[in-house]
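*Asks:* Using the sequences and the accompanying hints, generate a full structural model.
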Amino acid sequence: MTIHVKFFASLREKMGHAELTLSSAASAADVWAQSTDSATPPDNMLVAINLEYAQLDDAVHEGDEVAFFPPVTGG
Amino acid sequence: MATRILDQTFDPWHAFAQHQQSHAEANKFGATATFVGTMRDFNDEDTVQSMLLEHYPEMTARYLEQLEQDARQRWDLLACLIIHRVGDIHPNDPIVAIACWSAHRRAALDACAWLIETLKHQAPFWKKEMRQQGAYWVEKNTEG
Numbered sequence: 001m002t003i004h005v006k007f008f009a010s011l012r013e014k015m016g017h018a019e020l021t022l023s024s025a026a027s028a029a030d031v032w033a034q035s036t037d038s039a040t041p042p043d044n045m046l047v048a049i050n051l052e053y054a055q056l057d058d059a060v061h062e063g064d065e066v067a068f069f070p071p072v073t074g075g
Numbered sequence: 001m002a003t004r005i006l007d008q009t010f011d012p013w014h015a016f017a018q019h020q021q022s023h024a025e026a027n028k029f030g031a032t033a034t035f036v037g038t039m040r041d042f043n044d045e046d047t048v049q050s051m052l053l054e055h056y057p058e059m060t061a062r063y064l065e066q067l068e069q070d071a072r073q074r075w076d077l078l079a080c081l082i083i084h085r086v087g088d089i090h091p092n093d094p095i096v097a098i099a100c101w102s103a104h105r106r107a108a109l110d111a112c113a114w115l116i117e118t119l120k121h122q123a124p125f126w127k128k129e130m131r132q133q134g135a136y137w138v139e140k141n142t143e144g
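Protein chains in written order, with the numbering used here: chain A, 1 to 75; chain B, 1 to 144.
Possibly wrong hints are sitting among the right ones.
Stated by the list, open to error - Listed below are the simulated SDA-like cross-link pairs for lysine to any residue, each with C-alpha atoms no more than 20 Å apart in a straight line: (1) Lys120(B) with Gly30(B); (2) Lys120(B) with Leu20(A); (3) Lys120(B) with Gly144(B); (4) Lys120(B) with Thr36(A); (5) Lys14(A) with Asp30(A); (6) Lys140(B) with Glu13(A); (7) Lys6(A) with Glu65(A); (8) Lys140(B) with Pro42(A); (9) Lys120(B) with Thr34(B); (10) Lys6(A) with Pro57(B); (11) Lys6(A) with Leu20(A); (12) Lys128(B) with Ala113(B); (13) Lys14(A) with Gly63(A); (14) Lys14(A) with Trp137(B); (15) Lys128(B) with Ser10(A); (16) Lys6(A) with Glu58(B); (17) Lys120(B) with Glu65(A); (18) Lys6(A) with Asn43(B); (19) Lys14(A) with Tyr136(B); (20) Lys128(B) with Met15(A).
What the hints assert, rightly or not - A partial selection of chain A residues facing chain B, derived with a Cβ cut-off under 8 Å: (21) Ala9; (22) Ser10; (23) Ser38; (24) Ala39; (25) Pro41; (26) Asn44; (27) Val47; (28) Ala48; (29) Ala54; (30) Phe69; (31) Pro71; (32) Val72; (33) Gly75.
Worth flagging that the hints you see were computed from the coordinates, not collected in a lab. Every value quoted in this text rests on a predicted model; they were computed, and no experiment measured them. Glycine included, each C-beta is placed from N, C-alpha and C at the ideal position.
*Replies:* Shown next, in the form of C-alpha cells:
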C-alpha cells in the first residue's frame with residue numbers, strides 16, 4: 001500500500017520537503033501524524049484527497065494522494 | 001474548456017478580444033463582463049517588490065474547469081474564459097483574468113462576480129510576497 005503525501009506553500013517550507021510516501025494510513029489525520037511526528041495541525045490548514053477538498057478524519061486508501069496546505073490566496 | 005494557467009505574463013485585453021473574435025457564437029453576444037486582477041506594489045503598509053504564485057497544478061487545472069462548468073450551469077452564458085498566472089509576478093502584471101459573455105447583461109455580470117469570488121476562496125493558489133521587510137506568505141484574502 002502506498003499513500004502519496006504533498007505539502008504546499010508555507011507548509012511545504014515548514015516541512016522542508018514537498019512530498020513523501022507512506023506505506024499505510026487509515027485517515028488524512030493519520031497521514032498528517034505520520035508525516036510530522038504527530039505535530040499539531042495548524043487551525044487553518046486545508047486537506048485534499050485525490051484533488052478534492054476533504055476533512056482530516058476522512059479515510060484514505062491505497063494509491064491515494066493526500067495534500068496539506070494553508071488557506072488559498074489566488075486571484 | 002476555456003481555462004488557462006500561465007507561467008509567463010499575458011495581455012488580458014488581447015486574450016478577451018481574441019476569444020470573442022474566434023468564438024463561433026460571437027454574433028449572439030450581447031454582453032461581456034470582465035474582471036482583471038493585477039499585482040499591487042503594497043500590502044499591509046509595506047512595499048511589495050514581487051510575488052511568487054505557487055499552485056497545486058493538477059488540482060488548480062481541475063478546479064478552474066469545474067468553476068467554468070458550474071458558472072455555465074448557473075447562468076445562461078455563451079462563453080467564458082478564465083486565465084490565471086503562476087510563477088514570478090511583478091507590480092502591474094495581471095494575475096487573473098475572467099470574462100463572461102451572454103446575450104444579456106445580468107448573466108454575464110453575476111457569473112463574472114461569482115467566478116472571481118469562488119476562485120479566490122477555493123482554487124489552490126498561494127501568494128508569497130517579497131516585501132521590503134522580507135518574504136511573506138499571504139494567508140488571508142482581502143474583504144473585497
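*Asks:* Each hint should be assessed against the structure and marked as holding or not.
*Replies:* Cross-check of the supplied hints:
Between lysine 120(B) and glycine 30(B) the alpha-carbon distance is near 27 Å, which puts this suggested pair outside the 20 Å criterion. This hinted pair does not check out: lysine 120(B) and leucine 20(A) have alpha carbons roughly 28 Å apart, beyond 20 Å. In summary, the hint linking lysine 120(B) to glycine 144(B) is supported, as the alpha carbons are separated by about 10 Å, within the 20 Å threshold. Proximity of lysine 120(B) to threonine 36(A) is assessed by CA-CA distance (about 28 Å); at most 20 Å being required, the pair is judged violated.
Restraint check: the Cα-Cα separation between lysine 14(A) and aspartate 30(A) comes to about 19 Å, which is no more than 20 Å; the hinted pair holds. The suggested pairing of lysine 140(B) with glutamate 13(A) holds, with an alpha-carbon distance near 18 Å, which does not exceed 20 Å. Restraint check for lysine 6(A) and glutamate 65(A): the C-alpha separation of about 7 Å stays at or below 20 Å, so the hint holds. Taken as a hint, the lysine 140(B) and proline 42(A) pair is honoured in the structure, with Cα atoms around 14 Å apart against an allowance of 20 Å.
With a CA separation close to 16 Å, the supplied pair lysine 120(B) and threonine 34(B) stays within the 20 Å bound. A threshold of 20 Å between alpha carbons decides the hint, and for lysine 6(A) with proline 57(B) the separation of about 12 Å falls inside it, so the pair holds. Restraint check for lysine 6(A) and leucine 20(A): the C-alpha separation of about 7 Å stays at or below 20 Å, so the hint holds. At roughly 25 Å between alpha-carbon atoms, lysine 128(B) and alanine 113(B) are farther apart than 20 Å, so this suggested pair is violated.
In summary, the hint linking lysine 14(A) to glycine 63(A) is not supported, as the alpha carbons are separated by about 25 Å, beyond the 20 Å threshold. Among the hinted pairs, lysine 14(A) with tryptophan 137(B) is consistent with the structure: their alpha-carbon atoms are about 12 Å apart, no more than 20 Å. Distance check on the hinted pair: lysine 128(B) and serine 10(A) sit about 9 Å apart at the alpha-carbon level, within 20 Å; holds. Annotation: proposed proximity of lysine 6(A) to glutamate 58(B) holds, straight-line Cα distance about 12 Å (limit 20 Å).
In summary, the hint linking lysine 120(B) to glutamate 65(A) is not supported, as the alpha carbons are separated by about 23 Å, beyond the 20 Å threshold. Simply put, lysine 6(A) and asparagine 43(B) have alpha-carbon atoms about 29 Å apart, too far for the 20 Å limit, and the pair is violated. For the given pair, lysine 14(A) sits about 13 Å from tyrosine 136(B) by alpha-carbon distance, which is consistent with the 20 Å threshold. Among the hinted pairs, lysine 128(B) with methionine 15(A) is consistent with the structure: their alpha-carbon atoms are about 17 Å apart, no more than 20 Å.
Evaluation of the alanine 9(A) hint against chain B yields a held restraint, the C-beta minimum of about 4 Å falling below 8 Å. Given hint, serine 10(A) at the interface with chain B, holds; its Cβ is 4 Å from that chain's nearest Cβ, closer than 8 Å. A hinted interface residue such as serine 38(A) counts as satisfied when its beta carbon comes closer than 8 Å to some beta carbon of chain B; here the least separation is about 23 Å, so the hint is violated. Restraint check, alanine 39(A) versus chain B: the minimum CB separation of about 18 Å is more than 8 Å; hint violated.
Given hint, proline 41(A) at the interface with chain B, is violated; its Cβ is 14 Å from that chain's nearest Cβ, farther than 8 Å. With 8 Å as the threshold, the beta carbon of asparagine 44(A) comes within range of chain B, its nearest partner Cβ sitting at about 7 Å, so the hint holds. A distance limit of 8 Å between C-beta atoms decides the matter here; for valine 47(A) the minimum to chain B is near 11 Å, and the interface restraint is violated. The beta carbon of alanine 48(A) is positioned within 8 Å of a beta carbon in chain B (closest approach about 6 Å), and the interface hint is therefore held.
For the restraint placing alanine 54(A) at the interface with chain B, the shortest Cβ-Cβ distance is roughly 12 Å, beyond the 8 Å limit, so the hint is violated. Restraint check, phenylalanine 69(A) versus chain B: the minimum CB separation of about 6 Å is within 8 Å; hint holds. A least Cβ separation of about 5 Å between proline 71(A) and chain B falls short of the 8 Å threshold, and the interface hint therefore holds. Residue-level restraint check for valine 72(A) holds (minimum Cβ-Cβ distance to chain B is 5 Å; threshold 8 Å).
The interface hint given for glycine 75(A) holds, since its Cβ lies 4 Å from the closest Cβ of chain B, which is under the 8 Å cut-off.
When each numbered hint is compared with the structure, violations occur for hints 1, 2, 4, 12, 13, 17, 18, 23, 24, 25, 27, 29.
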